[in-house]
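Using the sequences provided together with the hints, build the complete structure.
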Amino acid sequence: MKILLTLLSKTLLILVLLMLILPSGNVNAIAYCSLRDPVAQISQLYPQKTNQLSIVKTVNDNTRAQVQIALPSNDLHFSELGQHTLYIAMLGKESLGYIHVRSEQSDWGLVEIVWAIDKDLKITNFAFQRCRSPKKKIAQEIGFKNIFIGKNYQELKGLLSNDGVTAKKEVLEKVQQAPELANVVLRCALKTLLLTEMLWGDELEEL
Amino acid sequence: MKSLIFNLLITFLLLFFAVISMPCYANLTENFRWSLDGSARLNQNAALDNTSRIYALGLDTHKVFTNSNGDIGYGVGQLYWTKLSNHMPVPFLFTNKDDSEFIIREAHLNYTAGPDWLPNIRVGHFTLPFGLEESIDTNGRLLDYYLGKNLGSKLDWGLSLNKVINKIEYNVSYTLGGKDKAKSVDGSYAITGRVGSLSHLDFVIGLSIFDGEIDGYSRKRLALDWQYYWTTWGLLGELALGEDDKQNQSWQKEKYGLIELNKTAINEQLKLYSQLIIRDRESQNSADKLVNIGFSYQFNTQLELSMSGGQQINNPASGKKQQLARVQVRYRY
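Line by line, the protein sequences are chains A and B. Quick note on our numbering: the first sequence kicks off at 1 and runs consecutively. Quick note on our numbering: the second sequence kicks off at 1 and runs consecutively.
Calculated from the structure, these hints are not laboratory results. All figures in this text were calculated on a predicted structure; none of them were measured in a lab. All clues given are correct.
Pair by pair, the computed Cβ-Cβ distance ranges are:
| no. | chain 1 | residue 1 | chain 2 | residue 2 | range |
| --- | --- | --- | --- | --- | --- |
| 1 | A | 149 | B | 263 | 33 to 39 Å |
| 2 | A | 142 | B | 69 | 30 to 36 Å |
| 3 | A | 68 | B | 118 | 42 to 48 Å |
With a cut-off of at most 20 Å between alpha-carbon atoms, the simulated SDA-like pairs for lysine to any residue come out as follows:
| no. | chain 1 | residue 1 | chain 2 | residue 2 |
| --- | --- | --- | --- | --- |
| 4 | A | 135 | B | 232 |
| 5 | B | 271 | A | 77 |
| 6 | B | 167 | B | 203 |
| 7 | B | 163 | A | 90 |
| 8 | B | 271 | A | 105 |
| 9 | B | 263 | A | 134 |
| 10 | B | 163 | A | 38 |
If you want the ones that stay clear, here's a sample from chain A, every Cβ over 10 Å from chain B, calculated:
| no. | residue |
| --- | --- |
| 11 | 124 |
| 12 | 150 |
| 13 | 153 |
| 14 | 166 |
| 15 | 169 |
| 16 | 179 |
| 17 | 197 |
| 18 | 199 |
Just so it is clear, CB atoms sit at the ideal spot from N, CA and C, and this is done for glycine as well.
What follows is the structure, encoded as structure tokens:
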């Protein structure tokens with residue numbers, strides 16, 4: 001017991017020192033050997049694609065601050081910092097659209113959504129990479145999806161209520177059984193489109 | 001067979017670099033991730049009455065190779081300087097309890113640009129595709145699914161065919177059985193494979209096989225693994241049946257089972273787990289039963305603290321029960 005307490009106190013000391021000394025970096029918390037491309041979801045969202053083109057960019061504290069300014073009362077989860085990939089779905093050498101995966105915190109842990117985005121940066125579809133809400137099936141129905149499909153950032157922002165984190169009453173009335181999930185999906189969609197434009201905008205214009 | 005595999009490895013590497021040397025969308029530094037990964041681990045082994053430490057500092061890299069048609073594949077490279085301090089028993093990569101070595105963890109290329117019907121082709125040093133470890137990476141963590149103990153090695157040099165197709169993903173490898181050495185040692189080899197449902201879903205099930213000879217041990221395994229997640233809870237399991245033959249003596253049946261219950265905080269910073277592991281060997285009078293509990297706390301993207309404790313609950317023939325407490329601090333920069 002004494003040894004464990006000694007270990008723990010030494011560990012805590014090291015932690016505090018590390019947090020004070022070292023600046024924040026742009027790493028991913030997980031080892032890179034565990035990175036997985038959302039292959040199944042990309043094929044589901046773009047069944048005609050022949051390949052995908054990855055563009056890796058860094059989401060840092062500056063990006064996080066810009067998100068907080070553009071979407072007050074919102075923040076990026078710490079796992080969203082680091083280097084992330086935007087995928088271009090390709091048919092031969094032609095770009096079909098973009099794929100962007102983002103996570104949003106919910107009452108059931110992180111919800112990870114794979115977004116399909118067209119060249120005008122409008123949502124064309126989405127699929128869940130991870131969603132442990134008991135109401136996930138409702139969010140996979142077309143009626144739920146149509147709230148978001150076809151909309152760009154400004155149009156989606158118009159669905160937000162004044163508190164900046166929940167959807168307007170008329171939106172929630174359409175998804176009476178899954179309002180929390182609708183709020184999560186809306187916040188995730190907004191941050192996805194905002195970050196796509198902010199970080200990958202220049203590269204996408206050149207395509 | 002082994003020289004054929006080695007020649008295939010070399011041919012693949014030459015072809016891979018020939019393809020990526022064509023006009024590329026990105027130069028070598030683009031689509032490139034790298035991180036310095038440092039950890040300090042303290043171990044208190046009550047059975048041996050020993051306290052030890054393991055320090056690791058390494059470079060973890062990931063690179064996506066692309067050209068104008070899209071992605072060609074990706075590579076992972078992980079090189080770690082690892083120092084033991086009074087660590088017993090001495091792991092196979094080291095010569096004494098205070099040794100230090102440069103260790104290659106994962107180092108592989110995966111070619112992904114083939115047509116739909118063609119599998120991805122991975123070449124290099126990689127984790128053997130078997131059981132829970134195939135979809136849950138435990139590299140550098142206290143959490144462990146005992147792949148190395150079950151198969152004789154966690155990582156090996158060789159090639160694998162892998163793909164995610166519709167509702168199924170598979171990964172089948174032929175490796176040389178040399179563990180850290182990129183060659184066959186005294187006829188060593190390993191054929192490993194797993195086919196399973198999509199690993200991102202809330203319910204995942206997989207079937208794995210293994211047939212190999214590593215360190216003079218022949219092993220055969222057939223295993224079933226599963227994961228079920230409900231809100232922030234996870235129930236995981238792995239059951240492996242097989243037999244071992246040490247240096248051509250006689251085949252001994254072996255059963256291995258692991259069940260894990262885990263809980264994750266909704267912000268994902270805190271993860272708790274408990275495991276029950278049962279290993280039943282024909283050569284032993286009774287099965288070994290081990291209970292592990294542990295947690296990890298992620299302060300931010302860089303800093304993680306984890307602790308675990310393991311206790312053997314049966315009475316072994318040797319009289320000394322396994323009892324191990326560990327603490328680890330890990331920092332990625």
